[in-house]
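In case it helps, mature numbering (1 follows the signal peptide of the UniProt record, and there is no 0) puts the sequence shown at residues -20 to -1, 1 to 141.
Because the hints were derived from the structure by calculation, they are not lab data. Watch out, some of these pointers could steer you wrong.
Claimed, not checked - Subject to a maximum C-alpha distance of 30 Å in a straight line, what follows is the list of computed DSSO-like cross-link-like pairs (lysine-lysine):
id : residue 1 : residue 2
1  : K79       : K117
2  : K40       : K117
3  : K79       : K40
Please read these numbers as outputs of a predicted model, since none were measured by experiment.
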Amino acid sequence: MKKFFLAFFIFAGFSSLSFARVGLGGAFSYSLSADSHEMVSFSARSDESPWCLFFNSQLKENTITLFLDDWFINERLARHLDYFVLWGMSYGATFEADKTVFAMGCRFGAGFDMFFFNRRLEFFGQAVWNPYFGASKEDGSCSLLFRPVNFPCTAGLRLWF
């Protein structure tokens, strides 16, 4: 049964490539906050949807984060340069021996992207305000957390198929 679902999702993924252009790539992020951290990201975007997906992993902790952003404004400034304004959501989890954290938040930001080689290669950068709240369990005690000051800045590239 697992093989059937895996085959189905692989087939659906490759089939969708024939109907829409898809950009896949990587990025590096640095979060300006009280607990600043670096992240590496995988990103995916489609011409058919205003949504952009980032799957992040922090470099210092066992933390994974998912960002889902809606580029509600995406306009051309110059021949190769576009800008965008976004809102989105973030979900994160940290799993370490003595610490577990679950958090979620909203995102508001702006950025730019530049296309080269007949729109096959995209360089992008964005800065986002991402306040979040969640729950933390550390050394047997539970606590709530709220981080109103969190500004992840991201730069990366995507290849379009």
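The hints, checked one at a time:
no., hint, verdict
1, K79 to K117, "holds, 6 Å"
2, K40 to K117, "holds, 18 Å"
3, K79 to K40, "holds, 14 Å"
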